[in-house]
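Protein chains in written order, with the UniProt record's numbering: chain A, 1 to 458; chain B, 1 to 281.
Worth flagging that the hints you see were computed from the coordinates, not collected in a lab.
As the structure is a prediction and not an experimental result, all values here were calculated from the model.
Incorrect hints may have been included.
Said to hold, decoys possible - Computed cross-link-like contacts, EDC-like style, restricted to lysine to aspartate or glutamate with a CA-CA straight-line distance of at most 20 angstroms:
id, chain 1, residue 1, chain 2, residue 2
1, A, 174, B, 99
2, B, 228, A, 236
3, B, 274, A, 173
4, B, 227, A, 370
5, B, 228, B, 127
6, B, 53, B, 17
7, B, 274, A, 346
8, A, 227, A, 346
9, B, 228, B, 129
10, B, 113, B, 80
11, B, 84, B, 99
12, A, 174, B, 257
13, B, 84, B, 74
14, A, 174, B, 225
15, B, 227, A, 96
16, B, 113, B, 145
17, B, 228, A, 443
18, A, 207, A, 299
19, B, 85, B, 17
20, A, 174, B, 212
21, A, 227, A, 173
22, A, 174, B, 275
23, B, 274, B, 225
24, A, 227, B, 225
25, A, 174, B, 74
26, B, 227, A, 229
Unchecked claim - Cβ-Cβ distance ranges computed for the label pairs, FRET-style:
id, chain 1, residue 1, chain 2, residue 2, range
27, B, 204, A, 299, 51 to 61 angstroms
28, B, 149, A, 40, 23 to 33 angstroms
29, A, 204, B, 71, 36 to 46 angstroms
Cβ atoms here follow ideal geometry from the backbone N, Cα and C, with glycine treated the same way.
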Amino acid sequence: MTTPPASLVDRHVGFVHALRAAGLPVSPAEGLDAAHALMVVDLSDRETLREAYAATLVKRPAHRPGFDTLFDLWFPPVISGAGGTAVAEEAEKAEDAELPELRERLAELLMGDPADPAFREFARAMVGRFGQVQAAPGRQSWFSFPVLRALSPETLVARMLAAMLDERGGLPEKVARRHISRTIEAFTEAVAADVRRRIAEESGIEKIARSAVRPPIDQVDFLRATKDELARLRREVHPLARRLATRLSIRHRRGRRGRLDFRRTVRASLSTGGVPLTTHLRPPRPHRPELVVLCDASDSVSTFSHFTLLLTFALREQFTKVRAFAFVDTVDEITRLFAPGADVLDAIGRLTRDADIVRFGRTDYGHVFERFAERFPDAVGPRTSLLILGDARSNYQAPALGTLKRLAGQARHAYWLNPEPRAQWDTGDSLATSYGSVVAMHECRNVAQLAAFVETLA
Amino acid sequence: MWFASPDEVRGRLAAVDYLADDGIATSVFLAGALGKPLLAEGPAGVGKTQLAKAVAQATGARLIRLQCYEGLDEARALYEWNYKKQLLRIQADDGAWDDIFSEEFLLERPLLKAIRSEEPTVLLIDETDKADVEVEGLLLEILSDYQVTIPELGTITAARRPYVVLTSNATRELSEALKRRCLYLHLDYPTPERERDILLAQVPGLPAGIADQLARTVATLRALELKKSPSIAETVDWAHTLLALGRTELDEALIGETLGVVLKHNSDQVRAAKELGLPAR
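All chains should be modelled from the sequences, with the hints used to inform the complete structure.
Next up, the structure:
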């Protein structure tokens, strides 16, 4: 085995450090694996190099987007000429074509396959042409915004649909729209990647790397999630609920292997002359935890409650006995909206219309707990885990601590998940510490914290 | 050596009808070249198990499969003593106490079989996430040193390193220790272009136009928020169904009629029909 040139080692080390700085847990052993991998792959093939790094260093899908961004910065594509004559031609055409012509070409590319090298090359040429902005006197900088404004791919949609379809409407249009939105997304990403590359070339990799990588999806704050992130978070929920359910039942099963199945054991002993060598055990009874969820559905925590309702819904399918209640300043049972097989988005939509959870529209935890104890006296019993989800901000109303204490006393366990950062607890109208002294309160701002919490639930 | 380059991986897997993208080809190549186990994770039905089978088929190696489930233990994963045979031996011959722990009474289970195999072997540890946490501990020794310790016999080291593929649906997070020892491959739903090629490879006689339409329709379905997104396997089933029906044109009515092949929950079907504007049944 030969030693790679020093510059490659430096680059490798720098890259691994940058990954760690961006929150990827890369151990020294994994760094070594990656270095070994570099020795056996063809370094001139950039995609192979990328995948070799990914296979050795990235062990969670949530970390992949950040990895790709950093890889593009540390191992930028070779520009001009390397892609063959067709690509060079593409770049040349882009340099001096008129805008309508460019938009024509873009539409053509967007209807095709985003993996086509011409696609990336076009994005690069467009950044070269439109992406430069005078940031300060004498200083140039690069942005994606002017590129997308000049070409405005969104305004091409109608034209592309007309070209792709014989007639509008129905399923074919849905399918075509889906394809176009995917390619537009790919184009936007290609432009952003090239902008990052150009900035890195001018002002150094380290400077841009810090701002370019967004936190992995399991660390996105519930209260600050963008619409886009919320959609991705929703996709995390079902696997999460399944994972939680498996965890709950696995934990319970351990240590209790089931009772001896006497008949089967005796019958099996016949083949060994009556000596019971193999013991057969009855399968243990499946454990069915009962869960009561009380969820704050007010506007201040709407993203959080949206997410927790989805979680409740997912848990509902995993367990036989989950009762869900939603509240703002009064409380209503919403279990029926989440019947198995129901459509979850539909259910959340109906929640605000059908359920009786709003009196005046200002969250009032005290009133909620009292109403809850009064209307559903049988909901919380000795086998129930009570789960309260909310920010404990009660608009300066009476807290009804006594009622909550009684509820928590009846339940087997009681937990409170608070989507606010711990530092903001007890500020303003927050009653975090008062409630926290009655029911153990956990900070729960992202999927990672939620997953960590449910591990303690069993 | 298993493969000489990622390109060779791609070629030889394609010869057994498995279409590998850059990620798959590179990790499959590295797993062979670095002698490390490959952990393939992703949703059900994207071809994780199929990948191990394809590697075995492409290299002419023997495939040994360990299917994981809750309650899987050493006796069923690694080795077990043949108690009945031992008992009979003791009853037949009083002086046999000494040699009842020998090769003759050892029952090989998949892991030991793979370690001791003289011929090239692909060891598939399927659905690792279904097994209990203790099994992961058992796997660690085997996966890092390719050896097994049997108290009565001593340590058995691999005659020839097997090519190890682990699969997981990520229903629970595998331990850091296990992940650190493995190369990681996240398999996800393919792009419509790749799925079209998979359909064409897997379903002979399928017109290219329909394959393209099917792949794009399935991609549209996956973008909806469904309980269970259609897998590649189900797309392939769908293509077979259309062929069996003898239809050459994929229209909305036909999609509506055959939606049950890819969507297995009533609520998913209702949602898809509503969102895609399919005719009501």
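The hints, checked one at a time:
| no. | hint | in the structure |
| --- | --- | --- |
| 1 | 174(A) with 99(B) | violated, 72 angstroms |
| 2 | 228(B) with 236(A) | holds, 13 angstroms |
| 3 | 274(B) with 173(A) | holds, 14 angstroms |
| 4 | 227(B) with 370(A) | violated, 36 angstroms |
| 5 | 228(B) with 127(B) | holds, 18 angstroms |
| 6 | 53(B) with 17(B) | holds, 11 angstroms |
| 7 | 274(B) with 346(A) | holds, 12 angstroms |
| 8 | 227(A) with 346(A) | holds, 18 angstroms |
| 9 | 228(B) with 129(B) | holds, 19 angstroms |
| 10 | 113(B) with 80(B) | holds, 12 angstroms |
| 11 | 84(B) with 99(B) | holds, 15 angstroms |
| 12 | 174(A) with 257(B) | holds, 18 angstroms |
| 13 | 84(B) with 74(B) | holds, 18 angstroms |
| 14 | 174(A) with 225(B) | holds, 15 angstroms |
| 15 | 227(B) with 96(A) | violated, 50 angstroms |
| 16 | 113(B) with 145(B) | holds, 16 angstroms |
| 17 | 228(B) with 443(A) | violated, 31 angstroms |
| 18 | 207(A) with 299(A) | violated, 38 angstroms |
| 19 | 85(B) with 17(B) | violated, 45 angstroms |
| 20 | 174(A) with 212(B) | holds, 15 angstroms |
| 21 | 227(A) with 173(A) | violated, 24 angstroms |
| 22 | 174(A) with 275(B) | holds, 9 angstroms |
| 23 | 274(B) with 225(B) | holds, 12 angstroms |
| 24 | 227(A) with 225(B) | holds, 15 angstroms |
| 25 | 174(A) with 74(B) | violated, 52 angstroms |
| 26 | 227(B) with 229(A) | holds, 19 angstroms |
| 27 | 204(B) with 299(A): 51 to 61 angstroms | holds, 57 angstroms |
| 28 | 149(B) with 40(A): 23 to 33 angstroms | holds, 31 angstroms |
| 29 | 204(A) with 71(B): 36 to 46 angstroms | violated, 55 angstroms |
Checked against the numbered hints given earlier, the structure breaks hints 1, 4, 15, 17, 18, 19, 21, 25 and 29 and satisfies all the rest.
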